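There are 2 protein chains.
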Amino acid sequence: MGPTRHDLLTIGQLAERSGLATSALRYYEKLGLIHAERTTGNQRRFARSTLRRVAFVRAAQQVGLSLDEVRTALARLPHDRAPSSQDWTAVATAWQSRIDRQIAELQHMKAKLTGCIGCGCLSLTRCALYNAADRAAEAGPGARYLLTRDPASGPEPGPREA
Amino acid sequence: MGPTRHDLLTIGQLAERSGLATSALRYYEKLGLIHAERTTGNQRRFARSTLRRVAFVRAAQQVGLSLDEVRTALARLPHDRAPSSQDWTAVATAWQSRIDRQIAELQHMKAKLTGCIGCGCLSLTRCALYNAADRAAEAGPGARYLLTRDPASGPEPGPREA
DNA sequence: GTGCAACCTGAAGTCGACTTCAAGTCAAGC
DNA sequence: GCTTGACTTGAAGTCGACTTCAGGTTGCAC
Numbered sequence: 015m016g017p018t019r020h021d022l023l024t025i026g027q028l029a030e031r032s033g034l035a036t037s038a039l040r041y042y043e044k045l046g047l048i049h050a051e052r053t054t055g056n057q058r059r060f061a062r063s064t065l066r067r068v069a070f071v072r073a074a075q076q077v078g079l080s081l082d083e084v085r086t087a088l089a090r091l092p093h094d095r096a097p098s099s100q101d102w103t104a105v106a107t108a109w110q111s112r113i114d115r116q117i118a119e120l121q122h123m124k125a126k127l128t129g130c131i132g133c134g135c136l137s138l139t140r141c142a143l144y145n146a147a148d149r150a151a152e153a154g155p156g157a158r159y160l161l162t163r164d165p166a167s168g169p170e171p172g173p174r175e176a
Numbered sequence: 015m016g017p018t019r020h021d022l023l024t025i026g027q028l029a030e031r032s033g034l035a036t037s038a039l040r041y042y043e044k045l046g047l048i049h050a051e052r053t054t055g056n057q058r059r060f061a062r063s064t065l066r067r068v069a070f071v072r073a074a075q076q077v078g079l080s081l082d083e084v085r086t087a088l089a090r091l092p093h094d095r096a097p098s099s100q101d102w103t104a105v106a107t108a109w110q111s112r113i114d115r116q117i118a119e120l121q122h123m124k125a126k127l128t129g130c131i132g133c134g135c136l137s138l139t140r141c142a143l144y145n146a147a148d149r150a151a152e153a154g155p156g157a158r159y160l161l162t163r164d165p166a167s168g169p170e171p172g173p174r175e176a
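Going line by line, the protein sequences match chains L and G.
With our numbering applied, the first sequence corresponds to residues 15 to 176, in that order.
With our numbering applied, the second sequence corresponds to residues 15 to 176, in that order.
Hints are computed from structural coordinates only; laboratory data are not their basis.
Since this is a predicted model, take the numbers as computed values, not measurements.
Hints should not be assumed to be uniformly reliable.
If chains are identical, the list can't say which one is meant, so a pair holds when it fits in one copy or spans any two.
Claimed, not checked - Only pairs whose alpha carbons sit at most 25 Å apart, straight line, appear in this in silico SDA-like list of lysine to any residue: (1) Lys-44 x Gly-129; (2) Lys-124 x Ser-37; (3) Lys-44 x Thr-24; (4) Lys-124 x Thr-86; (5) Lys-44 x Arg-62; (6) Lys-44 x Thr-107; (7) Lys-44 x Ser-111; (8) Lys-124 x Arg-112; (9) Lys-124 x Thr-36; (10) Lys-44 x Ile-117; (11) Lys-124 x Ala-87; (12) Lys-124 x Ile-25; (13) Lys-124 x Leu-45; (14) Lys-124 x Gly-26; (15) Lys-44 x Asp-114; (16) Lys-44 x Gln-100; (17) Lys-44 x Pro-92; (18) Lys-124 x Arg-85; (19) Lys-44 x Ser-80; (20) Lys-124 x Gly-55; (21) Lys-124 x Ala-50; (22) Lys-124 x Ser-98.
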């Protein structure tokens, strides 16, 4: 099954080449992330550039963006032609700082764990991990990947150990 | 509202002290993550140690564990008494390597972005980012945080640029 | 002994990112 | 021109981690 005709891909071909399911691609189209022309018989035909767009979406997801955020990011790139180096640099640096934040949070967490291994405590009053988890959890449900430490969460009346 | 009586906490008190909603605590109980005794009138009363247990759950979630995995992890710790230093060290080191993996993936992604900024390409054939995203996305739906690059995904018949 | 906040239950709803399903239509190779 | 696989649609289902709701009960201060 080589490419059937000129530059337009069927949804099946796009799926195969992008590694996504056709259902996902339809979903993306509904969200406005990608666009398809239609044959007289109402079947989708995707421009080859859609492959690039889809890849962009997946990459953005890996960085932690929601599809809604991806839509915004895509809106900033030129509509359906190749983005310039500048366009791309802006996006990529934004993503990098996002990644940096995520890494920083992970390292913070790791440092806490190290401390806890040292002390072996799991002490309610002393353990940094507890104080980390304590109030650190209002990031809502759903696709949280790694969130939120919340320093200085006010002095609690010290409880006895359990 | 000081602690009303001895060492048992109502669900409201536990909620306040742990920073979780009562609904979440009931949910945790249903999953078997925490345990409550009951008054004659069927109201929950939590041991003080539950606070520790809840903190453990939240900390584990931050590391990226699902509640189901947390249940497993909790099962490895002594039932409702303070875990020993050894118990804890085992868990914490496991978590650390998890964190390390996550960090590594993020750094991998970041490196790719840096490369892409350099080349400014968004080239279908050359850009590492595309090849990363290309087949990297079968981690199922839901709380994926940062996943999966999939090296060596077979040579595709090189497409022209879009 | 009464008022009311806090508690109880099970069922259903929510969110994001999809997948699955049913029932029908299109494209193209023979 | 017919068959068959790829496509179409909208609606509903899934998953994890909860929240919200409705309708009823308990605990405790006054």
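Now for the hints, and whether the structure bears them out:
Neither within a single protomer nor between protomers do Lys-44 and Gly-129 lie at most 25 Å apart by alpha-carbon distance, with minima of 48 Å and 32 Å respectively. In the homo-oligomer, the alpha carbons of Lys-124 and Ser-37 never lie at most 25 Å apart, since the shortest distance is 38 Å inside one protomer and 29 Å across protomers. For the identical chains of this complex, Lys-44 and Thr-24 are intra-copy neighbours only, at 16 Å inside a copy versus 47 Å across copies, given an alpha-carbon limit of 25 Å. In this assembly of identical chains, the alpha carbons of Lys-124 and Thr-86 lie at most 25 Å apart only when taken from different copies (21 Å versus 33 Å within one copy).
Proximity of Lys-44 and Arg-62 under a CA criterion of 25 Å is satisfied intra-copy only: 19 Å inside one chain copy versus 50 Å between copies. Proximity of Lys-44 to Thr-107 under the C-alpha cut-off of 25 Å is found in neither arrangement, the shortest distances being 28 Å within a copy and 44 Å between copies. With identical chains, the CA atoms of Lys-44 and Ser-111 are never at most 25 Å apart, being 30 Å at best within one copy and 39 Å at best between copies. Taking the closest pair of Cα atoms, Lys-124 and Arg-112 come within 25 Å of each other both inside a single copy (19 Å) and across two copies (10 Å).
For the identical chains of this complex, Lys-124 and Thr-36 are neighbours neither inside a copy (39 Å) nor across copies (29 Å), given an alpha-carbon limit of 25 Å. For a Cα distance limit of 25 Å, the shortest separation of Lys-44 from Ile-117 qualifies neither inside one copy, at 33 Å, nor across copies, at 34 Å. With identical chains, the CA atoms of Lys-124 and Ala-87 are at most 25 Å apart between copies only, with a shortest distance of 18 Å across copies and 31 Å within one. Within a single copy, Lys-124 and Ile-25 get their C-alpha atoms no closer than 44 Å, and across copies no closer than 31 Å, so neither meets the 25 Å cut-off.
Taking the shortest alpha-carbon separations for Lys-124 and Leu-45, neither the intra-copy value of 37 Å nor the inter-copy value of 27 Å comes in at or below 25 Å. Taking the closest pair of Cα atoms, Lys-124 and Gly-26 never come within 25 Å of each other, the shortest separation being 44 Å inside a single copy and 31 Å across copies. Neither within a single protomer nor between protomers do Lys-44 and Asp-114 lie at most 25 Å apart by alpha-carbon distance, with minima of 32 Å and 37 Å respectively. Taking CA atoms no more than 25 Å apart as the test, Lys-44 paired with Gln-100 passes in neither setting, with 29 Å inside one copy and 52 Å between copies.
In this assembly of identical chains, Lys-44 and Pro-92 lie within 25 Å of each other by CA distance solely inside one copy; the values are 20 Å within and 50 Å between copies. When the C-alpha separation of Lys-124 and Arg-85 is checked against a cutoff of 25 Å, the pair qualifies only between copies, where the shortest distance is 21 Å, while the shortest distance within a copy is 33 Å. Taking the shortest Cα distances, Lys-44 and Ser-80 sit within 25 Å of each other inside one copy (15 Å), while across copies they are farther apart (30 Å). In this assembly of identical chains, Lys-124 and Gly-55 lie within 25 Å of each other by CA distance neither inside one copy nor across copies; the values are 56 Å within and 44 Å between.
With identical chains, the CA atoms of Lys-124 and Ala-50 are never at most 25 Å apart, being 45 Å at best within one copy and 31 Å at best between copies. Proximity of Lys-124 to Ser-98 under the C-alpha cut-off of 25 Å is restricted to the inter-copy arrangement: shortest distance 20 Å between copies versus 39 Å within a copy.
Hints 1, 2, 6, 7, 9, 10, 12, 13, 14, 15, 16, 20, 21, counting from the list given before, are not met by this structure.
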